[in-house]
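Undergrad: Residue numbers (our numbering), protein chains in the order written: chain A, 2 to 264; chain B, 7 to 404.
Since the hints were made in silico from the structure, they are not lab data.
Just to be clear, a hint being listed does not mean it is correct.
Pair by pair, the computed Cβ-Cβ distance ranges are [claimed, not checked]:
no., chain 1, residue 1, chain 2, residue 2, range
1, A, 27, B, 291, 50 to 58 Å
2, A, 249, B, 175, 31 to 39 Å
3, A, 189, B, 294, 35 to 43 Å
4, A, 230, B, 183, 45 to 53 Å
5, B, 225, A, 49, 15 to 23 Å
6, A, 213, B, 375, 38 to 46 Å
List time: in silico SDA-like cross-link candidates among lysine to any residue, alpha-carbon distance up to 20 Å [stated by the list, open to error]:
no., chain 1, residue 1, chain 2, residue 2
7, A, 245, A, 189
8, B, 376, A, 236
9, A, 227, B, 203
10, A, 243, B, 229
11, A, 227, B, 364
12, A, 245, B, 120
13, A, 243, B, 193
14, B, 189, A, 236
15, A, 243, B, 188
16, A, 245, B, 193
17, A, 245, B, 192
18, B, 120, A, 236
19, B, 376, A, 229
20, B, 120, A, 227
21, A, 227, B, 199
22, A, 245, B, 368
23, A, 243, A, 209
Partial pick of chain B residues on the chain A-facing surface, computed with a CB cut under 10 Å [as the list claims (entries may be wrong)]:
no., residue
24, 104
25, 228
26, 232
27, 238
28, 241
29, 326
30, 363
31, 386
Quantities reported herein were computed from a predicted structural model and do not represent experimental measurements.
All C-beta atoms in this analysis are idealised placements derived from N, C-alpha and C, irrespective of residue type, glycine included.
The chain contents come next:
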Amino acid sequence: MPTALIADDEITLVNFLKAELAVLWPELKIIAEAYNGADALRLINELSPSIAFLDIRMPGMSGLELASQLQAAKVAPLVVFVTAYHQYAVDAFEREAVDYLLKPPTRERLGRCVEKLKRQLAAADADGTAPAAEVLARLMSAMTSMTATNQAATPGRLDWIRAAHGNDIRLISIDEVIYFEANDKYVSVFTATHESLIRMPLRELLDGLDASRFWQIHRGTIVAVKHIAGTTRDFRGRTLLKLKERPDELLVSRAYLHLFKQM
Amino acid sequence: MMKPMPAEPAIPAKPVSTSPGKQGADDHPLALIAFFRRWQPGIVRDLVYTFILGLGFALFFFALYAYNLSRERFFSQLWNNLVIAMSISYSIHILFALSSFLLRPWIENIRGWKWVAYYLIVPSGGVFAGYCLAVLLINPAALRLDYFKTGVILNFAIVSVLVSCVLVFAYLVRERELRDKEKIATEQRRALESERRALEAQLRMLQAQMEPHFLYNTLANAVGLIQPDPARARLLLERLIDYLRATLSASRDSDTLLQGEIDTISAYLELMKLRMGERLRYRIEMSDQAASLSIPPMLLQPVVENAISHGLEPKIEGGEILLKAHVEKDHLHVVISDTGVGFQTVASSKPGGGVGLANLRERIAALYGKQGSLSITENAAGGVSVSLHLPLPAPTHT
């Protein structure tokens with residue numbers, strides 16, 4: 002007898018799917034319900050259901066992460082994704098074996114899914130294949146590329162900086178930063194209105210920053226290019242950097258003077 | 007015989023435009039006058055301009071004492087003045103041309119007192135040399151007559167330096183004027199820019215406010231509830247309608263009362279509570295004074311949505327959202343804190359993480375400038391607090 006697990010963080014949707022499946026496929030036995038990804042993985046490993054209905058967005062672990070973990074396992078259930086995410090993934094997926102349901106699935110659409118599952122189960126009984134790994138990989142890449150374009154920032158780059166500000170840990174967007182300055186033990190980060198301490202050494206910071214947006218101008222100073230107003234020279238002939246939104250003047254050391262030759 | 011002039015023909019120094027970033031863009035002093043800026047700069051133009059200047063000064067100084075000249079002295083004096091003015095003008099012209107040709111890299115970088123010194127020395131030298139030249143041209147016998155005695159030379163020199171000082175001063179004033187103009191232009195550009203950014207942020211806000219997944223998920227819930235729990239399904243749909251009505255009308259208003267915004271947020275949170283059940287708890291604390299303030303619509307809503315989708319939804323056991331709004335002296339202080347997963351996992355948990363907050367920050371900057379601020383802190387117990395300080399608007403009592 003076929004068995005199934007339903008995983009969704011919203012209990013209403015679990016119940017709904019259960020009720021619908023009871024009508025469409027009375028022989029299917031729902032042996033487990035999970036409300037987060039981690040539970041789902043545990044239950045699948047324990048109970049090895051033949052089918053898993055997975056929500057894509059779940060706390061703990063996303064449906065996609067879960068499915069890729071299942072690919073590695075020996076006995077994987079047939080995976081059906083049930084999600085509110087639409088077209089981008091459907092394109093990658095629709096013509097393939099493993100099904101993909103959009104919330105809320107209509108009874109008609111769920112019926113087709115059930116037919117498909119039945120056929121797959123019969124075939125799997127014959128040769129024991131798991132859901133196509135290639136299909137999953139395509140879906141995963143569709144998801145990640147969408148995530149990446151929405152995030153605008155390149156992975157590995159710092160977008161936010163955690164800085165101690167009194168007793169608080171402030172989150173400072175990298176766009177707000179005017180400059181970083183290393184003192185004896187700490188690095189200070191300056192925005193238009195605040196000065197805060199961060200725990201990351203300057204060297205490490207430099208690796209995480211976009212070199213076209215942040216310039217090192219001194220052994221202990223990194224400045225955001227867009228906040229530079231210009232340079233000036235003092236009576237000793239040293240080059241000082243003026244900032245647009247702070248009165249501070251930053252010393253440019255000889256080694257980095259070349260950055261300002263064109264200015 | 008030459009008699010000392012009452013005043014030297016004042017030939018302005020040939021200045022170099024010193025507006026920042028345009029070093030070395032030589033210009034003729036005559037170009038200080040708007041009328042003469044029509045001609046394209048060039049060697050011929052400059053030579054002609056120097057001639058015009060020389061002529062002008064010769065006539066000017068001649069006019070000063072022409073009234074009591076006898077008829078026979080009239081033309082010789084005019085001629086003398088012309089010769090003196092021209093030889094001084096062209097001496098300065100040549101000296102500047104020469105020094106800028108020989109010393110160009112150095113001149114382009116001078117600032118401060120060196121700059122002043124340069125523009126004192128060159129025209130002073132020019133006046134001095136031109137005057138000596140003129141004396142010799144008018145009366146070649148002057149050389150033999152031992153005309154250039156120390157006293158006379160000193161006289162020349164002092165007058166030359168004085169004239170140059172006046173010129174440099176005039177030029178500095180003119181330069182400051184230009185710089186102020188530039189400053190104003192920059193300011194205007196900045197104002198336009200921030201206006202544009204405000205519009206852009208507005209647009210993004212409108213685009214961002216209704217996430218399709220949110221709508222589909224909510225409707226899926228409603229469908230799921232119709233049979234087993236029609237009363238709850240009805241409640242869910244009613245809250246959804248409240249929320250849709252509030253957000254759609256908010257996108258048309260430019261201002262709303264904080265109370266209205268909080269009603270929208272309550273409808274949203276109520277709806278999310280129906281969906282998430284035990285996993286979501288929330289509290290709203292708002293003073294009456296704060297409730298009657300007007301604020302731009304959809305300013306707080308995205309923060310609450312963020313707290314749910316980035317903070318609580320990814321957390322298995324869920325958590326609490328606390329919204330506090332009150333008036334502090336001269337500003338409205340709103341804090342939205344959650345007990346969710348905090349910031350480190352945000353970026354990967356959902357597409358668009360962090361962008362919403364960046365938009366909000368931009369919008370606040372565009373609306374309030376430096377008077378408004380947004381800060382994001384991590385709570386000691388986990389989760390994130392977003393606090394907004396907004397300047398007080400005129401209170402409305404409608």
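Undergrad: Are the hints correct? Go through all of them and say.
TA: Here's how the hints hold up against the structure:
One distance hint, 50 to 58 Å for the beta-carbon pair residue 27(A) and residue 291(B), holds here, with the actual separation near 51 Å. Range check, residue 249(A) to residue 175(B): Cβ separation about 32 Å, and the 31 to 39 Å hint holds. Separated by about 41 Å at the C-beta atoms, residue 189(A) and residue 294(B) satisfy the suggested range of 35 to 43 Å. Roughly 21 Å separates the CB atoms of residue 230(A) and residue 183(B), a value that falls outside the hinted 45 to 53 Å.
A C-beta distance of roughly 33 Å is found between residue 225(B) and residue 49(A), which places it outside the suggested range of 15 to 23 Å. Range check, residue 213(A) to residue 375(B): Cβ separation about 28 Å, and the 38 to 46 Å hint is violated. Taken as a hint, the residue 245(A) and residue 189(A) pair is honoured in the structure, with Cα atoms around 18 Å apart against an allowance of 20 Å. The suggested pairing of residue 376(B) with residue 236(A) is violated, with an alpha-carbon distance near 34 Å, which exceeds 20 Å.
Taking the CA atoms of residue 227(A) and residue 203(B), the gap is near 16 Å; set against the 20 Å cutoff, the hint holds. Taking the CA atoms of residue 243(A) and residue 229(B), the gap is near 61 Å; set against the 20 Å cutoff, the hint is violated. For the given pair, residue 227(A) sits about 17 Å from residue 364(B) by alpha-carbon distance, which is consistent with the 20 Å threshold. Between residue 245(A) and residue 120(B) the CA atoms are separated by roughly 27 Å; this puts the pair beyond 20 Å, and the hint is violated.
Restraint check: the Cα-Cα separation between residue 243(A) and residue 193(B) comes to about 17 Å, which is no more than 20 Å; the hinted pair holds. With a C-alpha separation of about 25 Å, the suggested pair residue 189(B) and residue 236(A) falls outside the 20 Å cut-off, and the hint is violated. Pair hint residue 243(A) plus residue 188(B) holds up; C-alpha atoms about 18 Å apart against a cutoff of 20 Å. For the suggested pair residue 245(A) and residue 193(B), the alpha carbons sit about 12 Å apart, so the restraint of at most 20 Å is met.
This hinted pair checks out: residue 245(A) and residue 192(B) have alpha carbons roughly 12 Å apart, not beyond 20 Å. Of the pairs offered as hints, the one joining residue 120(B) and residue 236(A) holds, with about 11 Å between alpha carbons and a cut-off of 20 Å not exceeded. A threshold of 20 Å between alpha carbons decides the hint, and for residue 376(B) with residue 229(A) the separation of about 19 Å falls inside it, so the pair holds. Simply put, residue 120(B) and residue 227(A) have alpha-carbon atoms about 31 Å apart, too far for the 20 Å limit, and the pair is violated.
For the hint linking residue 227(A) to residue 199(B), the alpha-carbon distance of about 15 Å falls within 20 Å, and the restraint holds. For the suggested pair residue 245(A) and residue 368(B), the alpha carbons sit about 17 Å apart, so the restraint of at most 20 Å is met. This hinted pair does not check out: residue 243(A) and residue 209(A) have alpha carbons roughly 24 Å apart, beyond 20 Å. For the restraint placing residue 104(B) at the interface with chain A, the shortest Cβ-Cβ distance is roughly 27 Å, beyond the 10 Å limit, so the hint is violated.
Look at residue 228(B): its Cβ gets to within about 8 Å of chain A, closer than 10 Å, so that hint holds up. About 9 Å separates the beta-carbon of residue 232(B) from the nearest beta-carbon of chain A, less than 10 Å, and the hint is met. Satisfaction of the interface hint for residue 238(B) is found here, the shortest Cβ-Cβ separation to chain A being roughly 8 Å, below the 10 Å cut-off. Interface hint status for residue 241(B): violated, as the beta-carbon distance to the closest one in chain A is roughly 12 Å, over 10 Å.
Taking 10 Å as the C-beta cut-off, the interface hint given for residue 326(B) is violated, the closest approach to chain A being about 15 Å. Hint on residue 363(B) holds. Least Cβ distance to chain A is approximately 7 Å, under the 10 Å limit. Given the 10 Å rule on beta carbons, the hint for residue 386(B) holds: about 8 Å separates it from the nearest Cβ of chain A.
Of the numbered hints stated above, those contradicted by the structure are hints 4, 5, 6, 8, 10, 12, 14, 20, 23, 24, 28 and 29, listed in ascending order.
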